[in-house]
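K.L.:
Letter by letter, the chains look like this.
There are 2 protein chains.
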Amino acid sequence: MGLIVQKFGGTSVADSEKIKNVARAVIKEKLSGNDVVTVVSAMGHTTDGLVKLASEITSKPSPREMDMLLSTGEQISMSLLAMAINELGYKAISLTGLQAGIKTENCHMCARILDINTQKIQKCLKDDYIVIVAGFQGVCADNEITTLGRGGSDTTAVALACALKADRCDIYSDVEGVYTADPRVVKTAKKLKEISYEEMLELARVGANVLHPRSVETAKLNKMPMRVRSSFKLDDLGTLIIGVDEMELNKPVTGLACDTSQVRIVICDIVDEPGNAAKLFNLLANENLSVDMIIQSYARHQKNTNDIAFTIAKSDIDKFNKIKDKINDILSASNIFIDEDIVKVSIVGAGMIDRPGIAATMFDTLAKENINIKMISTSEIKISCLVEKKYSNQAALALCKVFELDGANVADVKGDLPVL
Amino acid sequence: MGLIVQKFGGTSVADSEKIKNVARAVIKEKLSGNDVVTVVSAMGHTTDGLVKLASEITSKPSPREMDMLLSTGEQISMSLLAMAINELGYKAISLTGLQAGIKTENCHMCARILDINTQKIQKCLKDDYIVIVAGFQGVCADNEITTLGRGGSDTTAVALACALKADRCDIYSDVEGVYTADPRVVKTAKKLKEISYEEMLELARVGANVLHPRSVETAKLNKMPMRVRSSFKLDDLGTLIIGVDEMELNKPVTGLACDTSQVRIVICDIVDEPGNAAKLFNLLANENLSVDMIIQSYARHQKNTNDIAFTIAKSDIDKFNKIKDKINDILSASNIFIDEDIVKVSIVGAGMIDRPGIAATMFDTLAKENINIKMISTSEIKISCLVEKKYSNQAALALCKVFELDGANVADVKGDLPVL
Chain A
342 MGLIVQKFGG TSVADSEKIK NVARAVIKEK LSGNDVVTVV SAMGHTTDGL
392 VKLASEITSK PSPREMDMLL STGEQISMSL LAMAINELGY KAISLTGLQA
442 GIKTENCHMC ARILDINTQK IQKCLKDDYI VIVAGFQGVC ADNEITTLGR
492 GGSDTTAVAL ACALKADRCD IYSDVEGVYT ADPRVVKTAK KLKEISYEEM
542 LELARVGANV LHPRSVETAK LNKMPMRVRS SFKLDDLGTL IIGVDEMELN
592 KPVTGLACDT SQVRIVICDI VDEPGNAAKL FNLLANENLS VDMIIQSYAR
642 HQKNTNDIAF TIAKSDIDKF NKIKDKINDI LSASNIFIDE DIVKVSIVGA
692 GMIDRPGIAA TMFDTLAKEN INIKMISTSE IKISCLVEKK YSNQAALALC
742 KVFELDGANV ADVKGDLPVL
Chain B
342 MGLIVQKFGG TSVADSEKIK NVARAVIKEK LSGNDVVTVV SAMGHTTDGL
392 VKLASEITSK PSPREMDMLL STGEQISMSL LAMAINELGY KAISLTGLQA
442 GIKTENCHMC ARILDINTQK IQKCLKDDYI VIVAGFQGVC ADNEITTLGR
492 GGSDTTAVAL ACALKADRCD IYSDVEGVYT ADPRVVKTAK KLKEISYEEM
542 LELARVGANV LHPRSVETAK LNKMPMRVRS SFKLDDLGTL IIGVDEMELN
592 KPVTGLACDT SQVRIVICDI VDEPGNAAKL FNLLANENLS VDMIIQSYAR
642 HQKNTNDIAF TIAKSDIDKF NKIKDKINDI LSASNIFIDE DIVKVSIVGA
692 GMIDRPGIAA TMFDTLAKEN INIKMISTSE IKISCLVEKK YSNQAALALC
742 KVFELDGANV ADVKGDLPVL
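Read top to bottom, the protein sequences are chains A and B. Heads up: the first sequence begins at 342 in this note's numbering, then just goes up one per residue. Heads up: the second sequence begins at 342 in this note's numbering, then just goes up one per residue.
It is worth saying that the hints were derived from the structure and are not from the lab. Since the structure is predicted, the reported quantities are computational estimates derived from the model, not experimental observations.
Since the list can't tell identical chains apart, any single copy or any two copies may satisfy a pair.
Listed below are the simulated SDA-like cross-link pairs for lysine to any residue, each with C-alpha atoms no more than 25 Å apart in a straight line:
{"hint": "1", "residue 1": "444", "residue 2": "458"}
{"hint": "2", "residue 1": "393", "residue 2": "362"}
{"hint": "3", "residue 1": "393", "residue 2": "357"}
{"hint": "4", "residue 1": "731", "residue 2": "656"}
{"hint": "5", "residue 1": "361", "residue 2": "394"}
{"hint": "6", "residue 1": "464", "residue 2": "483"}
{"hint": "7", "residue 1": "464", "residue 2": "407"}
{"hint": "8", "residue 1": "667", "residue 2": "615"}
{"hint": "9", "residue 1": "371", "residue 2": "405"}
Next up, chain A with everything else stripped away, as it sits in the complex (with noise of 0.2 Å):
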């Protein structure tokens, strides 16, 4: 007899009738002579429901009153679930995270987890009950309220999952697994039987809104195994996520994602000192604002002054521009301005480490269909590409067609591939 931890998301238990359906498929688990831990999302539209009347009230809540409020909507869908179960004849108990010993940081909408007592789980799965656990959330000291943000459903199934040393972690959503390449774009994106964490990874950080990189960086450092599956098809096993060794690699690339929740903000003509890139993140940082792409040319119209240009969040914008006029002050710029029509086509594959060649064809890809590239980076096993963003499509099936995303064949990447 196993543990599964499971974890359904909102549009899995958005009204009564699905929350009745996802009790079929938690007790479908505990049938099949597992112990079950399931942490539930808020219902479909609840959270968004409660930002809204908090922000009837208040432009700049406070984030922990934000965090009480937020809260209800897993405590809500939880014991609706447990009532679901007991209905047909089956234990259940649900679980807030501070009754689930769920202990975070001292910190508000964005905790990390630190620790998981799971004394009270152990009991109650001792006692034969299924336990339905609030996702999203803790307590930090004092039992005070904490969420997780964005994602925290996904840690906080992964975060029990290894706290409880379970078998493995299965996240039910309305996706039924990792396809290779967004299947509203590229019609013939194929689902994935497997996928490594580190692919995971890069494709969550470049924008395939599956799982939070979050909830996958803590299951790979615990080399817990996860599976994605559709909470509405229980009999297909979607994609499992494990560790690169134990996977048969056969394909550079594995999967492709675009990213339009980026922009691209230019600094032009800063004057080539030591430090001045330094001053200028320093700024962005203490803005919270997170940087991704980064590119800084040199030597320009033998002026001594750099460009430098990089990719922030969309929704950091207002952020970016009440420090806009102090970066032009120390860094006296010529010019910044910020380019809101761009795509990131990212592709990614742990195959690529030692295959060379993959960026050149992703880049030759790109020039033979006439899409200018305007920044490159790259990490071990992901090579992301801004373009403009009318190429977006064009651009995810060129790649798919030449990396052999799409259609049923599996095979390998022909070898004589220039290198990058």
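Fit chain B to the known structure of chain A by using the hints.
P.N.:
Then chain B, alone, in the frame of chain A:
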């Protein structure tokens, strides 16, 4: 500088505009120089909405999970109120039942408060916060969430006022105070400036839905002055509820209430043997059926039998029907009938203790109106008569006139009334 505990009911916090209004009321009290602890109920119909969700899932929800579900209602309203107070520039912090230190019995959906550890509230008050506390909820052993049942938020407020040794407990709602009779029926009903705990208790028990008896009992035990006042008319002081010894008693009857929430049950021809009544009421008690008025009529038609009639809450009819056959078996009654066509008309007044003749005047008044009395019950400061439902308003108007509960006249009832 004093300490005021306030409670705002569901209608007062029904939407974001009303929550802003409550925030102004809270700040008004704070600005008058007092420390303020504010207890809130769930917004408007939130609780009904949650109950409906549960009912879509199961017809017999676990009480524990219902408490988990329902306790979110107050958590939502309290965090929004804290935000609204912050928005107006004042410090506020919201606390769940657990955080506020409210310990209850180990029982769900109708727990009683056992103890309040006021440490956290005291600390927040010391730090100059307005403290918002979730009404209706607490925790029992192992941090299990409990709720207090009907009228729970009133009870939370009074219990907090007592534990904090507050100067007063103000219950704000959509009524402007306690009236001599229901103003919707008796247009000339007067708002009372003050009323004793004992009178308020009797009025609450006989169907005046202003305050839950439990909260009044707690206030009485602790001699905590309460005010019932309107959250929409802040300059109106409403009705003060105080000890009878602090009042100037100038009228024998303070108020009148009509209760249509009961039904009369008549059990005919029970053999007149010792112990039969005990058997009957034991059966009822085992089903958790609360009985109000009881009449036993002896030696009917020279048969050696009695009739026993009593009233129960309309909502308990199902429970009663389940044991009806059993009652018949044990008592061999000739007939058991349920009479839903009744209203209980009650007059209440601490002044009737040393004023003879009040009951007689009541019966006389009803007789003059040709209203037949089906049952009578009395306490030291209350007389209730059961009459046909259609006479409810007629009886109320006639009794208000006789006992001067209408108009602006606050003079004594004239002396020469016959003794009961």
